[in-house]
Structure formats: C-alpha cells, structure tokens
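Could you slot chain B onto chain A? The hints should help.
There are 2 protein chains.
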Amino acid sequence: MSEVRVLGVAGSPFSRRVELALRLKGIPYVYKEEDLLRKSKLLLECNPVYKKVPVLVHGGNAVAESLVILEYIEDTWTAGYHLLPEDPLERAKARFLAKFIDEKCLPAVWMSCWSEGETQKNFIEESKEHLCILEGELKGKKFFGGESIGIADIAANFLTIWVDVLQEIAGLCIISEDTHPVVWRWAREFLKSDVVKECTPKREKLLSMFQAQKDSKMAK
Amino acid sequence: MSEVRVLGVAGSPFSRRVELALRLKGIPYVYKEEDLLRKSKLLLECNPVYKKVPVLVHGGNAVAESLVILEYIEDTWTAGYHLLPEDPLERAKARFLAKFIDEKCLPAVWMSCWSEGETQKNFIEESKEHLCILEGELKGKKFFGGESIGIADIAANFLTIWVDVLQEIAGLCIISEDTHPVVWRWAREFLKSDVVKECTPKREKLLSMFQAQKDSKMAK
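These protein sequence lines are chains A and B, in that order. The number in our numbering is simply the position in the first sequence, starting from 1, with 439 added. The number in our numbering is simply the position in the second sequence, starting from 1, with 439 added.
This is chain A alone, in the form it adopts within the complex:
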C-alpha cells in the first residue's frame, strides 16, 4: 500500500477534514505539520496554485483543496466507510450542502468574528440566515449525512470547537443552544464521535492560538 501523507497546520479545520476522512475510512497516514511562514519545498511543489494546506500526498501524487481531497479519498478507498451516499440524488444533496457550508457559512461566520462595526453586523446577519438553512437541513436527522458522518458533516467541522473559540475571542454569540438548537445539538453529537475527538484540537490550545492571532492583528 502506498504511503499516505497529510500536510496540514494544527489550527486549521480544513486540515482536520482530511484527517477525519482518512480516520473514518481507517487509512493509516503520516501527518506533517507545516509552518505557513516558512512553507516547505514539498508544500510549494504539491500545491503550486494555492500554496496552501491541506495537501494529501498518496504514492507520490499530490491532491489539494480539502473538498477535492475528500472526493479523492472516497474514490480511492471504496471498501468500508462511505463519505458520500450511493444514490445520485443523495450524493448531490450532500455535495450541495458541503459546498454551501464551505463557500457561504464558513466565510460569513469567520468574518463575523474578525470584522467590526457595520461590516460585522452584516456578516452576523448573513451567518444567522445561513445557519437557519442548516437547521432546516438537519431537522429529524442525527447528522447531515443521516445516521453517520458524511462529507457535509466533515465540511461543517468548523461549526464546532472553532466557532466556540472564535465567538469567545470576539465576544459574540452567533450560534448557541438558544439561537440554533438543531445545529448546536449536531455539534455536540459530532464531537461525541471517537474519530472526531482524535482529530479535533484541544479547546485551550485553539483558544490561545486564535487569541495570539487577534493580539497580533490588534498590535498592527
């Protein structure tokens, strides 16, 4: 079996997406922490377009962009655990949701926590609208993927510990048990999974990383 390597950074939910998918499938891998201030030659060679983590290197071939990597993992290791359902319509729904979470929810929530004034107000409003859509999608289901964790759940990992920490640093409340009970319950359920636990950063570590990031931003 060819070696599988993941190039990632500790605080990145995108890097954790890849690790989580590999762990759900039971694929052994070697993790390599990257320093984004001094990107390795390997990272630059593997992802010359974006020069970003995560990158999956499998048998010497590199795949970049976390959602593309998840599809690659699903296509490559076809036995056992599935990240996508079999039915084409259900696959499309899962892909639509993963894309929506990635392109809409995540940037809006992230920007809510890192902006100020009117801009922040607009991002918070947008985040809440997006989260209401997720509430609707999750109704009556344990996970976005139904009874088990699927591609949309993996894409939404950011809505667990990351949002929790960012909200605390920004002094905001975008997601709570009161405002979005279904997404809130989903996050608790997701974090209960042993495989998720294995590749979720410790809250205190994440808090100090993002606090340092905020302090450095404020000092500029």
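Hints in this document: simulated from the structure, not taken from any laboratory. Any given hint might turn out to be false.
Identical copies go unnamed one by one, so any copy, or any two together, can satisfy a pair.
Said to hold, decoys possible - Cut-off 25 Å, straight-line C-alpha distance, at most; resulting in silico cross-link-like pairs (SDA-like, lysine to any residue): (1) 631 to 554; (2) 471 to 630; (3) 580 to 470; (4) 653 to 603; (5) 538 to 485; (6) 538 to 565; (7) 578 to 636; (8) 659 to 485; (9) 480 to 528.
Showing chain B alone in chain A's frame:
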C-alpha cells in the same frame, strides 16, 4: 425514463454547462427559460437557498449549483460519455481545475470587465496569473479532459464566447492569441464541437445582451 428539465437563462454560461453535459451524454431534456426579474414559483421551490439558475429537475427532484449538477449527471447516467475520468487521481485533477476555474478565473475575468481604475487593474493582473496556470494545465493536451471534453472544459465554457464579448464591451484584452495562445487554441477547439455549438449563444445576441446590461449600469 423520468423527464429531465433545465431551468436556465439565455446569457448564462452556468446554464449552458448543464445543457452541454446533458447533450454530451445524449440525455433528452426540456429547457425552460427563466425571467430573473420575475422568478418562477418552480425556481424558488427548486433552489430555495440561492434562488438562482441553473436547476436540473429530474423525476420531480431538483439539483442546484452547476458543478454539483454536472456530478449528478455523471452519477446518474453512467453509460456512454464520461464527464470525469475513471482514475481517482485524474478525477481529483479534473475537479481541482473545475473548482479553480469556477472560483478564481471566472470571477477575476468577470470583474476585470465590470470594474474600473485600480480595482480593474488588479483584477486584470489576477486574471492573467490564473490564465497562465490554465496555459500550463493545457500544454500538450487538446482539452483539459485530454482527448475529450470533460468537467473542467465545461466549467471553462465562459472563457470562449463570453470573454470574447465582454472584452469587446469593456475595451479590454485579457485573453488573445498573443497573450495566452494555449487557452486561445483550446477555446477555438472547444467551439468546433457540434455539441458545444448547439448550446452556445450566438455572438451578436450575447453582445447585445451584455451591452444592454452595461448601458443600464452606466445609466444608474
């Protein structure tokens, strides 16, 4: 066989992506032109999240977002023509490129044609960088998909007649035979395909549509 409907608008390269994929697969469909100023009840029901075209309705089920629709088409009609290669690594490369074209190239080129001053200068610069990456990807190949049109080619349809028309309206030259000969040659090759011809708007029609859009913007 369940009825296949495409909700689209005439000037949209995204709507044409879906039509092109169906035609390459030989799937008969009914096309329904939408009026974006008075969106149909059907469109709003089918795509409540984005309220946008294109939407594919198949056997009463709706799928939105053009790249998600292309994957659905590939998953549903598995015989005959393939939009994605079989090999997982090649599939990942095709998906990476389609995503890059959709999220990076297209917005940069579009904004180059609709902005002014310093902003425009930056978008033109960005567009050229992205196009150079596409030049590299196409070297030695007829299409992004190799010998036949694949998902990345379909995603790049915008770089043919649309860019041609937008450049003329904006009085710009972002892509030409001199600046990006490989992408330029690709566009000519792509437009030679009979199936592409069947679902590419006429140049004059597109020109008058976008000219009207520009005039209306200028009048504001």
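Problem set entry | Which numbered hints fail | Violated hints (numbers, rising): 1, 3 and 8; every other hint is consistent with the structure.
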